[in-house]
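> Sequence lines, in order, name chains A and B. Residue 60 is where the first sequence starts when you use this note's numbering, and the numbers rise one by one after that. Residue 60 is where the second sequence starts when you use this note's numbering, and the numbers rise one by one after that.
For the record, the hints were derived by calculation from the structure and aren't laboratory data. Given the structure is predicted, the values throughout are model-derived calculations rather than measurements. Heads up, some of the hints might be wrong.
Copies of the same chain look alike in the list, so a pair counts if it fits in one copy or across any two.
[As the list claims (entries may be wrong)] No more than 25 angstroms apart at the CA atoms, straight line, and that leaves these computed lysine-lysine pairs for DSS-like:
| no. | residue 1 | residue 2 |
| --- | --- | --- |
| 1 | K225 | K325 |
| 2 | K225 | K261 |
| 3 | K326 | K108 |
2 protein chains.
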Amino acid sequence: MEHYQIYIISDSIGDTAENVANASLRQFPNMDFQFNRHTRVTNKEHLEKILTEAKQYVSPLFFHSFASKELTDCITQFCLFHQYSAVDVLTPGVEAIAATTKQVPIPITGALRKLDAGYFSRVEAIEFAVRYDDGKDPRGLRTADVGIIGVSRTSKTPLCMYLANKSIRATNIPLVPELPVPKVIFEVPSSKIIGLTNSPEKLIRIRKERMKSMGLNADTSYTNLARIFEEIEFANEVMKKIGCPIIDVSDKAIEETADLVIRHLKKINQI
Amino acid sequence: MEHYQIYIISDSIGDTAENVANASLRQFPNMDFQFNRHTRVTNKEHLEKILTEAKQYVSPLFFHSFASKELTDCITQFCLFHQYSAVDVLTPGVEAIAATTKQVPIPITGALRKLDAGYFSRVEAIEFAVRYDDGKDPRGLRTADVGIIGVSRTSKTPLCMYLANKSIRATNIPLVPELPVPKVIFEVPSSKIIGLTNSPEKLIRIRKERMKSMGLNADTSYTNLARIFEEIEFANEVMKKIGCPIIDVSDKAIEETADLVIRHLKKINQI
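Excised from the complex, chain A in its bound form (with noise of 0.2 angstroms):
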C-alpha cells in the first residue's frame, strides 16, 4: 500500500499540529500515513530546506503551524504553487480570538514558554503524583490538590498523571476491603475526594485483560464477580460515609474523567 507523506511543521513543539493530523486521519482508518515532524522551525532558509525535500515524494501533505507570519506564507504560497494541500493549524483560531476581542495577536512561539513557572509546577506534580500513588503514603493527601479513590482498575493511577500533566497535585488511594482506609482521607475536606467507580461488567472485562497482558491466569478471584460486587459495594460505603462526589468511569476516557475532576475542583476553589 501507498504511504502518504505527512510533514509536521512548527516553530515550536509541533503538538498541536500532530494532534490535529492524527484526530483528521482517523477518518481514514484504512490507509497508511508515515510522519515526518519538523520542529523549532524559526527561519525561512530551515523551513525552504524541508519543503525542498517533501518535493520528492508524491503529494506529501503539511499540517503547519507558525507564530511567524512570514513562514506561514511561505508554506502557503510553497503548497499553492506545487498544489499540495495544507493545513494551517494556528491561524484560523488567532483571527478568529482577534475578531472576537478586537485585539491584535502577539506572534509568540510555543518554545518561548518552556522554562517559565508553569513548566516548574508541571514538573512537580508529576513528582508529587508518583511518590504518592497507589496509597504509598496516604499523608500526601494533605498537600494534593485532590486524592482519588477507587477499587482496582478503575484508573487511578493514569488519572493521577493526566492531572499532573495539567498541573494539578493528585493522589491516589486504593479500597481494597482487608485494608484499613487511611484516617487522613476522613480528615481532609470531603470535597478535595473523588471517588471513581466502575461497572463491574467493564471491571471484569479490564482485569481479564489485565491478568492476560501479564500472561497470567484470566480467572482468579481478582476476576470473579461475586468478589468485585463486595468490592465495589465497600468502596460505594467508603465514599458515601465521606460524602465526595463519585464519578463512574465505566463510559469514559481518562480524559473526559479528568475534564470533571478538573471542573469540580474550581468549583470549590480548590485550583
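Following the hints, position chain B against chain A.
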C-alpha cells in the same frame, strides 16, 4: 477585565479542539478567557441547547470538532447567523487528507476508540513508568522499551510519564557519584538506553527553584557548582562507557526530548 467565553464543543472528548484553542490563545497573553467545554455532543438537540445557552454572552467564541457533517453544519449556520466567530478544528484536516488521498472519510468520532488495545497499552505503560521510576527497581529496564539515565533534575520522571502517555514503557535510573551504577544498565543493548545531560547553569537554576519550592535553603551542596560539575562528569563517563545516545535537555521542552527519544526508538525498531 472582560472575560471572553470560549466554547469547546466536540462529539468526542474535545482535546484536539481545546489544544488548538490554547495554542491560539497564547498570542493574546493579556486577555482573560473562560472555557466552557462540552464533550460527547452527538445529536442536534444537545448541540442546540448549548448554543442557546451561549447566546447569553457577548461574542462567545467556538472551537468545535465533529465527525458528523450535520452537527458541523448546524454550528456553522448558527455562528454565521449570529455573527459569532467559530473555528472548525477537524474539517480542514479531513478535507486536506481526502484531497491528497482521493479517499472518502469515514466519520468516526474519537469517542469510539476508548477501550481498545491502545487504551490498555497506555494504562499499562503509565503503571510501568510509575513502578520503575527513579531507579526503584533497575531490573525493569529488561522489559522496558527504553531506559532513561541522567543526574538529578534532567527531567527523567516527566519524560518517562510523557512517553508512557504514548504507550512507551520507560524506566528511569538516576546517576549519582556516590551510588553504584546498576549492573543491568550494562547488560541490555546500549541502544535501549538514553542519557540525559544538562548544562551546569541550567541545573543550578532548576535545582535552586526546586529547593525554594520545597521551602528549603537554595544554597546547599545540591546547588553547588563544583558538585554539579562532578555529577555531570560522572554521568558523562557512565554514558560513554555504555555508548548510549545522549540528549542535552538544557534547551528543550519535555515534548521535544520525547520526540527525539521516539525517533531513536523507531530507528532501532524498538517500538
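> Hint by hint, note whether the structure agrees.
Here is how each hint holds up against the structure:
no., hint, verdict
1, K225 with K325, "within (13 angstroms within a copy, 28 angstroms between copies)"
2, K225 with K261, "between (27 angstroms within a copy, 23 angstroms between copies)"
3, K326 with K108, "between (49 angstroms within a copy, 22 angstroms between copies)"
Checked against the numbered hints above, the structure violates none of them.
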